[in-house]
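Trainee: If you follow the hints, you should be able to join the two separate chains into one complex; please do so.
Given next are the chains, with one letter for each unit.
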Amino acid sequence: MSTTTTTPVSRMTSLARAELTLLGRSKGTLFAALFVPLVLPLSVRSAAEEMDLAEAGLTPGTVVLPAAVGFSLLFAVYSALVGVFVVRREELVLKRLRTGELRDGEILGGSALPAALVGLAQCLLLAAGCTALLDLPAPSAPHLAVLGLLLGIAMCAALAAVTASFTRTGESAQVTPMPLMIVSMLGSGMFVPLELLPDRLASFCELLPLTPVVTLVRGGWTGDLSAYETLGTVATAVAWTLLAVFAVQRWFRWEPRR
Amino acid sequence: MEANEHEHVIEVTDLRRVYGGGFEAVRGIDFSVRRGEIFALLGTNGAGKTSTVELLEGLAAPAGGRVRVLGHDPYTERAAVRPRTGVMLQEGGFPSELTVAETARMWAGCVSGARPVPDVLGLVGLEAKAGVRVKQLSGGQRRRLDLALALLGDPEVLFLDEPTTGLDAEGRRDTWELVSALRDGGTTVVLTTHYLEEAENLADRLAIMHDGRIAVTGTPAEVTATEPSRITFELPHGYFVGDLPPLGELGVSDHLVDGRTVRLRTRELQRAATGLLVWAQTAGVELRRLDVRSASLEEAFLGIAKDVTAGTGTTKEYAA
Chain A
1 MSTTTTTPVS RMTSLARAEL TLLGRSKGTL FAALFVPLVL PLSVRSAAEE
51 MDLAEAGLTP GTVVLPAAVG FSLLFAVYSA LVGVFVVRRE ELVLKRLRTG
101 ELRDGEILGG SALPAALVGL AQCLLLAAGC TALLDLPAPS APHLAVLGLL
151 LGIAMCAALA AVTASFTRTG ESAQVTPMPL MIVSMLGSGM FVPLELLPDR
201 LASFCELLPL TPVVTLVRGG WTGDLSAYET LGTVATAVAW TLLAVFAVQR
251 WFRWEPRR
Chain B
1 MEANEHEHVI EVTDLRRVYG GGFEAVRGID FSVRRGEIFA LLGTNGAGKT
51 STVELLEGLA APAGGRVRVL GHDPYTERAA VRPRTGVMLQ EGGFPSELTV
101 AETARMWAGC VSGARPVPDV LGLVGLEAKA GVRVKQLSGG QRRRLDLALA
151 LLGDPEVLFL DEPTTGLDAE GRRDTWELVS ALRDGGTTVV LTTHYLEEAE
201 NLADRLAIMH DGRIAVTGTP AEVTATEPSR ITFELPHGYF VGDLPPLGEL
251 GVSDHLVDGR TVRLRTRELQ RAATGLLVWA QTAGVELRRL DVRSASLEEA
301 FLGIAKDVTA GTGTTKEYAA
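Chains as they are written, first to last, in full-length UniProt numbering: chain A, 1 to 258; chain B, 1 to 320.
Worth flagging that the hints you see were computed from the coordinates, not collected in a lab. Computed from a predicted model, the values in this text were never measured in an experiment. Heads up, the beta-carbon is just placed ideally off N, CA and C, and yes, glycines get one too. Among these hints, one or two may not hold up.
The list that follows gives simulated cross-link-like pairs (lysine-lysine, DSBU-like), each with its CA atoms no further than 30 angstroms apart [said to hold, decoys possible]: (1) B:K129 x A:K27; (2) A:K95 x B:K129; (3) A:K27 x A:K95; (4) B:K135 x A:K95; (5) B:K135 x A:K27.
Each pair of labels, with its calculated beta carbon distance range [stated by the list, open to error]: (6) A:A202 x B:V18: 47 to 55 angstroms; (7) B:D184 x A:S10: 27 to 35 angstroms; (8) B:S294 x A:S10: 50 to 58 angstroms; (9) A:G24 x B:A225: 58 to 66 angstroms.
Anything over 12 angstroms on all C-beta distances counts as not near chain A; from chain B, calculated [said to hold, decoys possible]: (10) D73; (11) G93; (12) L123; (13) G125; (14) L182; (15) H194; (16) H237; (17) G251; (18) V257; (19) L269; (20) V285; (21) L287; (22) D291; (23) A295; (24) E299.
Bound conformation, chain B alone (with noise of 0.2 angstroms):
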């Protein structure tokens, strides 16, 4: 097994997908998974996720480029990649008059290695719903049962398109963990997601995705990093930008005036808040609606998207 622990479970190279009506979905996008790791694709919609992940799971053919899982190719050598990979659409797809059980049981029986119906709708907490019909079942219930179908063969290779999408809190927690459990027990896992808590939290690696292209790709600390943390504060009465101590001396590389509102950006978040704190302390004055942030995701994330779309406003989703 040392032999495969860096091994490329997923390997795409140039991948292209146009659609009938001449949309290019996806416009050439290089990226690798390694096996055991659980790999985020995260985008605004219409970033091109469910197209890519539906080019990894075999359902199309790409117009151009190249998909390896598993060393073959998903569309044309179906049978000796399918029963190796388990996969969660991004919608059910269930018949709605089958209870959550015989939904079970007919995946069960299409599937080479499957586990046992009850100890997979336990895994997900279905068990007390196994007499239900799927179409008395709540939005996050299908999910979880979508999630227990993919599980059902044991993958090697999980493919989750919006995992925890219309599931609450708990779900979502819930969720997380497992996939987590699965990873540690060697699963590799590509995921799309709305939530960009959701790639931080269980992301190894991740690609955020926009028109069709990747922008960034990195681990979660890596993609941050590409990213200046920022201080905000009102100015107190009396004071202007120029009474502050010199800002390129703190570290700070741009600054922002809104009216009362200032805002900073620094790669040196210790070094820019200590010297304006002192100062503020110094002169004696408060600094109202202070907030210090080092950079997360989601600014990364707003970043990409305002520079592509040049301020556009197509962001807003993700600002939750």
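Same shape as in the complex, but just chain A (with noise of 0.2 angstroms):
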């Protein structure tokens, strides 16, 4: 017998490539994934050169870039991810692929991975041209610039899911991401940075989902974030990234309501 046993590498593997073909040739995501974030930091650029940024020890270039990282993750991944989930769940696809051998984990997982590749793919793109283009210098912590996208990426994706779990169909699946869209780009000190917000305001902006992301990557290009903000950052984004794939394994529906 030389049947070959799939591996959840594999199986996610051929998911993400079916998903990835479909991302293709679905154009209204597509624009949505690569065209608005990397124009939408064009706009807080212009905004980033009216703030008095000098005081918080900030430059155009680490205003801009983490919050074109927020835009990315939130579009690109975020937002994208609540369509493939609602789409496929609607069209029954992911009724018939729980009848085979992918676990729940790896059905989510795959699908989301070409969206999570656009999004990291994108931000790379992104730092290489805030560099080139803003006079940003190379990260002093880099690693916590990394650190920051990948946990945005989790995070974002088990997020998506979780919104999905509320949105019953393909439409309102253009409008049930807005409310955490809307929130980060005022909160999460992606227009504005925290360090120009009054203190009490920023401490609760602190404590939301994308807030720690924008703050690693900052920080990455800054290098002025201590190890005790470090740790509360990252916390932060484990903890709902955690309670999203508790609310997933809890709320998610896998077929449509009748």
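Mentor: Structure representation (structure tokens):
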């Protein structure tokens, strides 16, 4: 018997390849995922030039890049994946996948992989772009930026599955990601760095899901994040991710409601 | 292998399924399926067929009772069961923008011991459609793609939920041949169907479900034998039922007169029919609209549905 046995990796790869093909054929998702995160940072740049950044020890580069990473995660990963999960559920694809050898986590993980890779590639591209165009120096603590980026991708994928649990149709998937996206843009230090906010508001905003990502990426470049701050930031991101995974296990719907 | 000949591949005991709203779709059913047989679940819409099959497939946990597939619990011991089963759901579940070949390749990457994709597409007659997007397929072609995916891993146990719904007569015939060939090769098949003809043609054993319960189970012949045969004709002018030979002596168990139409039910069809025809011959009359038929699965089915619903008319779609 020379039968090939599948492994979690081989199964997820197969699923991810199909999902990547689908991503390439979905013009709307492609536009939102590829174009928007590359254009939005421009608006942040013009805003950043009017802020009094020097006092907070920031430069336009260290404001624009973390914001750009945030946009990328919100559009290319979070919002795109809410759509993917909801549409696949409505098409009964998730139900069919569950009849096979794939485990539940592999189904969500494999489906999320192409969007995660797009997000990752975009962030690298943005880092290169900001370095070249905004005189951003090389990061002084690159490991923090990488950690923030990876945590951010995992968290956004998990949060997308949570949002999909409460989204009934492909159309509503255009709307349900909005609250988290708006809150993140306003409160997670993307448009306005937390350093420029009143202290009380800033300490609340530190607890928002995307704040640790923005903080870690910024800290990766400025290098002025203490070990204590790093720990707290990472803990916040991990806590949100675990909370999201728990919520998915509990509330994710694999079949459309009848 | 001989020792396994009569091994029960599927065992179901007092199985129950309750949906979120409290609706009890499966209300305590028992059956078993032997290795290498085709077992059909028949029933009206909402009888609980799909709800039952989904429990066998391990898609949901039962509310009560027990399922064993190949000796394992298909829900909690998913990893042990899934590589050995193939599932065809009632409705597709394909991303509409993938082509047939891409869909099959994706699934092949998730199935242990997958056969080559072109082979499987050939098996269901879809090789010419390999490059076509799923959204452009007809309903019947989608059914066949679904069957192809179920067969990709050469499963020991195959679950087919309404495999021929939406197929034309020829496609249906092809699917029957394929499923029979699989059974002859040792595959165990559980299928649900609307089509009594399908169950009669394919199934080694069947169960008729109604209202979440199994009303009858057995071979098609056994199930049919529970029903009497029927003779229907129009009384000739000037004749009354009393003019017929004594019906009890002909082996007729009961009769019904509706206007001039007479319906007889009998378990001794040849005796009853001969007696009736000899009488007509002797009397020199013609029995118009004469219809003599042995019991079929359809009658058994209608009989059961009628008994349980007391003639609420929910059985119409099966009359075809």
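Trainee: Each hint should be assessed against the structure and marked as holding or not.
Mentor: Structure-based check of each hint:
Distance check on the hinted pair: B:K129 and A:K27 sit about 24 angstroms apart at the alpha-carbon level, within 30 angstroms; holds. In summary, the hint linking A:K95 to B:K129 is supported, as the alpha carbons are separated by about 24 angstroms, within the 30 angstroms threshold. For the hint pairing A:K27 with A:K95, the CA-to-CA distance comes to about 25 angstroms; that is within 30 angstroms, so the pair holds. Using a Cα cut-off of 30 angstroms, the hinted pair B:K135 and A:K95 holds, with the two alpha carbons roughly 18 angstroms apart.
Distance restraint check for B:K135 and A:K27: the Cα-Cα separation of roughly 17 angstroms lies within the 30 angstroms cut-off, and the hinted pair is therefore satisfied. Taken as a hint, the range 47 to 55 angstroms holds for the pair A:A202 and B:V18, whose Cβ atoms sit roughly 50 angstroms apart. Between B:D184 and A:S10 the beta carbons are some 32 angstroms apart, a value that agrees with the proposed interval 27 to 35 angstroms. For the pair B:S294 and A:S10, the supplied restraint of 50 to 58 angstroms holds, since their beta-carbon distance comes to about 55 angstroms.
A C-beta distance of roughly 59 angstroms is found between A:G24 and B:A225, which places it inside the suggested range of 58 to 66 angstroms. The beta carbon of B:D73 is kept farther than 12 angstroms from every beta carbon of chain A, the shortest such distance being approximately 16 angstroms. A Cβ of chain A approaches the Cβ of B:G93 within 12 angstroms, the least distance being about 3 angstroms, so the stated non-interface status is violated. With a cut of 12 angstroms on Cβ distances, B:L123 stays outside the contact zone with chain A, its closest approach being about 18 angstroms.
No Cβ of chain A approaches the Cβ of B:G125 within 12 angstroms, the least distance being about 21 angstroms, so the stated non-interface status holds. With 12 angstroms as the threshold on Cβ separation, the claim that B:L182 sits away from chain A holds: the shortest Cβ distance comes to roughly 18 angstroms. The claim that B:H194 lies off the interface holds: its Cβ sits roughly 19 angstroms from the closest Cβ of chain A, which is beyond the 12 angstroms cut-off. The beta carbon of B:H237 is kept farther than 12 angstroms from every beta carbon of chain A, the shortest such distance being approximately 56 angstroms.
For B:G251, the condition that its CB be more than 12 angstroms from all CB atoms of chain A holds, with the nearest at approximately 50 angstroms. Here B:V257 stays apart from chain A, with its beta-carbon at least about 46 angstroms from theirs, past the 12 angstroms limit. At roughly 45 angstroms, the least C-beta separation between B:L269 and chain A is larger than 12 angstroms, which holds for a residue marked as non-interface. B:V285, annotated as away from the interface, keeps every beta carbon of chain A farther than 12 angstroms; the closest lies near 57 angstroms.
With a least beta-carbon separation of about 51 angstroms from chain A, B:L287 lies farther than 12 angstroms from that chain, consistent with its non-interface assignment. The claim that B:D291 lies off the interface holds: its Cβ sits roughly 42 angstroms from the closest Cβ of chain A, which is beyond the 12 angstroms cut-off. In this structure B:A295 is separated from chain A by more than 12 angstroms, as the shortest Cβ-Cβ distance comes to about 36 angstroms. Every CB of chain A is more than 12 angstroms from the CB of B:E299 (nearest about 33 angstroms), matching its label as outside the interface.
The structure is inconsistent with hint 11 alone, although it conforms to all the rest.
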